[in-house]
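Work the whole structure out from these sequences, hints included.
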Amino acid sequence: MTLATGVGSFAGDDQRDFDEALRLVLGELSLPFLPEVPGRGITAGMVGRTLGLLGELDADLQPAGWRLTGTSGAPAIDQRRARSLLGQDLDTLEDQAAGHAGPFKVQVAGPWTLAATVERPRGDKVLADHGARRDLAQALAIAVSDHVADLRRRLPNAERIIVQVDEPVLPAVLAGSIPTASGFGRHRVVHPPEASDALAWVLGAVRDAGAEPWVHCCAPDAPFGLLRGAGAVGLAVDLSMIDAAGHEGLAETLEAGETVALGVVPTLAPASPPTEKQLIERVLRWLDLIGLDPEQYAGRLVISPACGLAGADARWTRTAVELSASIARSLG
0 MTLATGVGSF AGDDQRDFDE ALRLVLGELS LPFLPEVPGR GITAGMVGRT LGLLGELDAD
60 LQPAGWRLTG TSGAPAIDQR RARSLLGQDL DTLEDQAAGH AGPFKVQVAG PWTLAATVER
120 PRGDKVLADH GARRDLAQAL AIAVSDHVAD LRRRLPNAER IIVQVDEPVL PAVLAGSIPT
180 ASGFGRHRVV HPPEASDALA WVLGAVRDAG AEPWVHCCAP DAPFGLLRGA GAVGLAVDLS
240 MIDAAGHEGL AETLEAGETV ALGVVPTLAP ASPPTEKQLI ERVLRWLDLI GLDPEQYAGR
300 LVISPACGLA GADARWTRTA VELSASIARS LG
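Under numbering that gives the first Met the number 0, the residues of the sequence shown are numbered 0 to 331, in order.
Label-pair restraints from in silico Cβ distances:
1) Phe-183 <-> Asp-292: 51 to 61 Å
2) Thr-274 <-> Gln-295: 21 to 31 Å
3) Leu-267 <-> Glu-55: 32 to 42 Å
4) Ala-75 <-> Arg-185: 26 to 36 Å
5) Arg-187 <-> Gly-228: 18 to 28 Å
6) Gly-69 <-> Gly-290: 47 to 57 Å
Simulated from the structure, these hints should not be mistaken for laboratory data. A virtual CB, placed ideally from N, CA and C, is assigned to each residue, including glycine.
Next up, the structure:
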């Protein structure tokens, strides 16, 4: 069976939009997930939601964005708001998905995306401080373990829990292209062994909690070998961004019995929307390109939009979700 899912984000700016997004994914997708509606405010975005999970470190909002304030004491009001909003979304999930017996997915920002986005207490990004980025990764590992336990309590009949770790910034971290606070310099390169170690703490915590660790990275130079070496058993990608080396890495992933979530449905409404047949043919051409039998690997292939749908209008959002589901049924 080929599953259908989404990357995570939806358009909207209030709780009703979240409720509608959740109804859509639960009703249409064979691998539903907890939607993100970042238009509700910075506490509802990818980074804010993840910081809301952290119990070991506190954070607050500054004009430049999120900033760590130290070890856990009395969380600042913005972090409490992020935590409260996530809890409210999980309560809604528990109500709407009562009895859900299939797989289910949640998303968190990865340790390197957080380190490149969040500031240290004394300024500049966490990325600038080896000890701070280690502490952040380890705090995230604890948080995702607790998050999985909470999901198990709320969805006791779920067949599988998947945690998608979003790392859109990881290639830039590895390349040393993240700007410093002044904008005149770049943070030093983080070498692959350290990048792998931090990811391994988080992905290992997901696995030890009884869930499946996936990583989403839609950059053209996503380091698939590093991600799998760190413990990812699923890779979520935008097919249009994959180069020759990436195709080979995805083929190796499928051949190893792991999962590829293939982003093939456009995230924004194109001038000439593709048909289901055209998108199915694209998937089959890709499988032929990498030399794999569609029937043999159908159970390890997941269909999704190319990236999040936060920029799409309501009509295309529904179309993209329905197309993903329909393609997966046809391939399955």
